[in-house]
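**Student:** Quick note on numbering: the sequence shown equals residues -25 to -1, 1 to 119 in mature numbering (1 follows the signal peptide of the UniProt record, and there is no 0).
Among the hints, erroneous ones may be present.
[Claimed, not checked] Pairs of lysine to any residue, SDA-like flavour, derived with a Cα cap of 20 Å: (1) K118 to G14; (2) K119 to N66; (3) K119 to A13; (4) K119 to T86; (5) K118 to L7; (6) K119 to A(-1); (7) K118 to I81; (8) K118 to G21; (9) K119 to F92; (10) K118 to I(-23); (11) K118 to D(-2); (12) K119 to T88; (13) K119 to G28; (14) K118 to N83; (15) K118 to N66; (16) K119 to T95; (17) K119 to D27; (18) K118 to S41; (19) K118 to I82; (20) K118 to A(-1); (21) K119 to G46; (22) K118 to R76; (23) K118 to L77; (24) K118 to P2; (25) K118 to E67; (26) K119 to D(-2); (27) K118 to P1; (28) K119 to I(-23); (29) K119 to E67; (30) K119 to F96; (31) K119 to R76.
Hints listed in this document are in silico derivations from the structure and should not be mistaken for laboratory results.
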Amino acid sequence: MKIAKRYLLLLFISCLYLSCGNDDAPPNAQELAFERLAGTWDLANGGSIIIDGEDASLNYPNFGLSFTDGGYNTMNAGELFSASGTWEWANEEAGEITLDRLRTIIINDLTETNFQFSFTFTGSGGEANLIDGISGNYVITVKK
């Protein structure tokens, strides 16, 4: 009888020990990427806007963007982006973001201080297009 009680006590202690483990799942790729993405980004300290290999940063003075959970805001983005809107991950790997205008941007690099992404922009044409948005392949690098 003593042996049975000892085994039951040992079994109880083992179950108690195992149930105290960490039940939290490790963060997935999207959660980890959002930790880096969240916040305000701009062209200061080495950022740039490259269109078809040419630096067009001067066309977007004080360009910036900020990301919150599911939302974004831009500053001086011309026709490239809405002033504010929504975003979501386009894939499980967190390598692409879809903006509310149904534009998908490809994340080339995302660290705590550097965010580089690319996309193709097709402007509406006309003289305003020369100021607000130039058609072409964009590579934008912003800094935090």
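**Student:** Take the hints in turn and mark each one as holding or not.
**Tutor:** For each hint, the structure was consulted:
Restraint check for K118 and G14: the C-alpha separation of about 10 Å stays at or below 20 Å, so the hint holds. Restraint check: the Cα-Cα separation between K119 and N66 comes to about 24 Å, which exceeds 20 Å; the hinted pair is violated. This hinted pair checks out: K119 and A13 have alpha carbons roughly 10 Å apart, not beyond 20 Å. Taking the CA atoms of K119 and T86, the gap is about 9 Å. The hint holds against a cut of 20 Å.
As the CA atoms of K118 and L7 are separated by approximately 18 Å, the hinted pair is consistent with the 20 Å bound. Proposed proximity of K119 and A(-1) is contradicted: the alpha carbons are some 29 Å apart, above 20 Å. For the hint pairing K118 with I81, the CA-to-CA distance comes to about 17 Å; that is within 20 Å, so the pair holds. Using a Cα cut-off of 20 Å, the hinted pair K118 and G21 holds, with the two alpha carbons roughly 7 Å apart.
The hinted pair formed by K119 and F92 meets the criterion: a straight-line CA distance of about 14 Å does not exceed 20 Å. At most 20 Å may separate the alpha-carbon atoms for a hinted pair to count; K118 and I(-23) exceed this at roughly 67 Å. Distance hint between K118 and D(-2) is unfulfilled; the C-alpha atoms sit about 32 Å from each other, more than 20 Å. Restraint check: the Cα-Cα separation between K119 and T88 comes to about 5 Å, which is no more than 20 Å; the hinted pair holds.
Between K119 and G28 the CA atoms are separated by roughly 23 Å; this puts the pair beyond 20 Å, and the hint is violated. Taking the CA atoms of K118 and N83, the gap is near 14 Å; set against the 20 Å cutoff, the hint holds. The hinted pair formed by K118 and N66 fails the criterion: a straight-line CA distance of about 24 Å is larger than 20 Å. Restraint check for K119 and T95: not satisfied, since their Cα atoms lie roughly 23 Å apart, outside the 20 Å limit.
As the CA atoms of K119 and D27 are separated by approximately 24 Å, the hinted pair breaks the 20 Å bound. Proximity of K118 to S41 is assessed by CA-CA distance (about 11 Å); at most 20 Å being required, the pair is judged to hold. Of the supplied pair hints, the one linking K118 and I82 holds, its CA atoms being roughly 14 Å apart against a limit of 20 Å. Of the pairs offered as hints, the one joining K118 and A(-1) is violated, with about 31 Å between alpha carbons and a cut-off of 20 Å exceeded.
Taken as a hint, the K119 and G46 pair is honoured in the structure, with Cα atoms around 17 Å apart against an allowance of 20 Å. A threshold of 20 Å between alpha carbons decides the hint, and for K118 with R76 the separation of about 24 Å lies outside it, so the pair is violated. Under the criterion of a C-alpha separation no larger than 20 Å, the hint pairing K118 with L77 is inconsistent with the structure, at around 24 Å. A threshold of 20 Å between alpha carbons decides the hint, and for K118 with P2 the separation of about 24 Å lies outside it, so the pair is violated.
The straight-line distance between the Cα atoms of K118 and E67 is roughly 24 Å, outside the 20 Å bound, and the hint therefore fails. Distance restraint check for K119 and D(-2): the Cα-Cα separation of roughly 30 Å exceeds the 20 Å cut-off, and the hinted pair is therefore not satisfied. Proposed proximity of K118 and P1 is contradicted: the alpha carbons are some 28 Å apart, above 20 Å. Note on K119 and I(-23): the hinted pairing is violated, with a Cα-Cα distance of about 64 Å set against a maximum of 20 Å.
For the given pair, K119 sits about 24 Å from E67 by alpha-carbon distance, which is inconsistent with the 20 Å threshold. Using a Cα cut-off of 20 Å, the hinted pair K119 and F96 is violated, with the two alpha carbons roughly 24 Å apart. Between K119 and R76, the direct Cα distance comes to roughly 24 Å. Violation of the 20 Å bound is thereby established for this hinted pair.
Of the numbered hints stated above, those contradicted by the structure are hints 2, 6, 10, 11, 13, 15, 16, 17, 20, 22, 23, 24, 25, 26, 27, 28, 29, 30, 31, listed in ascending order.
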